[in-house]
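2 protein chains.
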Amino acid sequence: MGLGGEAGITDGRLLRGARTRELVLRHAVDLASLEGLDNLSFGRLATESGHSKAGIQTLFKNKEALQLATLGYARRMFIDAVIRPAGSKPHGVARLRALLERWSEYATAPLFAGGCYRAANLPDFDSRPGPIRDELLRHQEEWTGTIEAELRHAVAAGEIADLDAGLAAFQIDALLCAANTALRMGDDDAVNKVHRIVEGILR
Amino acid sequence: MGLGGEAGITDGRLLRGARTRELVLRHAVDLASLEGLDNLSFGRLATESGHSKAGIQTLFKNKEALQLATLGYARRMFIDAVIRPAGSKPHGVARLRALLERWSEYATAPLFAGGCYRAANLPDFDSRPGPIRDELLRHQEEWTGTIEAELRHAVAAGEIADLDAGLAAFQIDALLCAANTALRMGDDDAVNKVHRIVEGILR
DNA sequence: CCGCAGAGTGTACGGTCGGTCGTATGGAGA
DNA sequence: TCTCCATACGACCGACCGTACACTCTGCGG
Numbered sequence: 001m002g003l004g005g006e007a008g009i010t011d012g013r014l015l016r017g018a019r020t021r022e023l024v025l026r027h028a029v030d031l032a033s034l035e036g037l038d039n040l041s042f043g044r045l046a047t048e049s050g051h052s053k054a055g056i057q058t059l060f061k062n063k064e065a066l067q068l069a070t071l072g073y074a075r076r077m078f079i080d081a082v083i084r085p086a087g088s089k090p091h092g093v094a095r096l097r098a099l100l101e102r103w104s105e106y107a108t109a110p111l112f113a114g115g116c117y118r119a120a121n122l123p124d125f126d127s128r129p130g131p132i133r134d135e136l137l138r139h140q141e142e143w144t145g146t147i148e149a150e151l152r153h154a155v156a157a158g159e160i161a162d163l164d165a166g167l168a169a170f171q172i173d174a175l176l177c178a179a180n181t182a183l184r185m186g187d188d189d190a191v192n193k194v195h196r197i198v199e200g201i202l203r
Numbered sequence: 001m002g003l004g005g006e007a008g009i010t011d012g013r014l015l016r017g018a019r020t021r022e023l024v025l026r027h028a029v030d031l032a033s034l035e036g037l038d039n040l041s042f043g044r045l046a047t048e049s050g051h052s053k054a055g056i057q058t059l060f061k062n063k064e065a066l067q068l069a070t071l072g073y074a075r076r077m078f079i080d081a082v083i084r085p086a087g088s089k090p091h092g093v094a095r096l097r098a099l100l101e102r103w104s105e106y107a108t109a110p111l112f113a114g115g116c117y118r119a120a121n122l123p124d125f126d127s128r129p130g131p132i133r134d135e136l137l138r139h140q141e142e143w144t145g146t147i148e149a150e151l152r153h154a155v156a157a158g159e160i161a162d163l164d165a166g167l168a169a170f171q172i173d174a175l176l177c178a179a180n181t182a183l184r185m186g187d188d189d190a191v192n193k194v195h196r197i198v199e200g201i202l203r
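Protein chains in written order, with UniProt numbering: chain E, 1 to 203; chain Y, 1 to 203.
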């Protein structure tokens, strides 16, 4: 297992690095969802992972690279927790419902300590151009793209009435993000709200 | 004019304080919408406003007090720009449309340099209990509450079909927040998207 | 065996942060 | 006039930040 891509590594040195890199990233991803990507710091990650600050820095060159690595790891966790499991369902409303179901668990249960990493960090970086914003936007479009694709399948199969798939995907993602922060604020009914509204959209 | 509440002050000392306080808050509000409330700093505000760091600190005691003052000032700006102008329209869909129209301008034009201050900071503080989160939640409920009230008026007057006003308000606010970050990411069509979806909700 | 390379450590540097002193200025009120 | 008080300032503190440099250790390839 492991999301670090350490599968094909035979070199013991690189493998050791990949292991601690993943161990650190596991903490970093929680911190990023709790307090934001730019509240990550080498010193803090070092203390909480039992390594030295300089050691962490050799693994992730500079802070921006650390942030990008954290983003990549979070994306892989997201795919494993939400997108891949839904892949067993057939295209259309079935897979769409599976995606939303997995997303609800993903946003509720402590996969990330602070909820969805995208919803937590996109508003932070939407006014700061740069590689991190670009990467976040890429993840965002990847997610809304999957929703939109399943909506198109559903329409093509006649499972739901004809609609603007792109517009509906935008709408659904907006609901999910709002539900994510509502959950953090103690609104336990947020998931139910999304469920009701989306069922209304699917008629 | 002025949002600092310096209207009834006759004491020259307090009046001078209120003036620079407002001058500083004007900068603080832009910074808070651009980079978040906790990226505010006394030193930076001091440099950009031409005062000394200690001088700013005497005006706002704590950093937390500075953040709360900034939140309060942003709220007053929001009310002046969005809620009050719509007050001239009659209750129901008319005022609701006016609210959304003003909100679109509010999120597009540079009233706040980084867009809606609430949408920018709520995801930041949703996992950090404390007075700032509480205040943000209060503003949020105040806003969704006004939307919900107009929806109820519209239903009662028979202007729109019967619906769950609370649920619809949650939905509309979700769309507005999503549109706000979409605007920052360069999606010029975001406002139009919201318009189309909301018109669908109002049938 | 040798030399290279990556992981990991220790140390230091310059900078910014929030916060706290002591103090000076200048209006308000006695 | 004298006292009080809020504004405003400069200097300073300890903490943390990101970064850089000079190491040691260890496993790989020639």
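Honestly, the hints are just simulated from the structure, not real lab data.
Treat each hint with caution, since some may be false.
To be verified - Keeping only pairs whose Cα atoms sit at most 27 Å apart, straight-line, the calculated DSS-like set for lysine-lysine is:
#1 E:Lys193 <-> Y:Lys193
#2 E:Lys89 <-> E:Lys193
#3 Y:Lys89 <-> Y:Lys193
#4 Y:Lys63 <-> E:Lys63
#5 E:Lys63 <-> E:Lys53
#6 Y:Lys53 <-> Y:Lys63
Every value quoted in this text rests on a predicted model; they were computed, and no experiment measured them.
Tested hints:
no.: 1; hint: E:Lys193 <-> Y:Lys193; verdict: holds, 21 Å
no.: 2; hint: E:Lys89 <-> E:Lys193; verdict: holds, 24 Å
no.: 3; hint: Y:Lys89 <-> Y:Lys193; verdict: holds, 24 Å
no.: 4; hint: Y:Lys63 <-> E:Lys63; verdict: holds, 26 Å
no.: 5; hint: E:Lys63 <-> E:Lys53; verdict: holds, 12 Å
no.: 6; hint: Y:Lys53 <-> Y:Lys63; verdict: holds, 12 Å
In this structure, none of the earlier numbered hints is contradicted; all agree with it.
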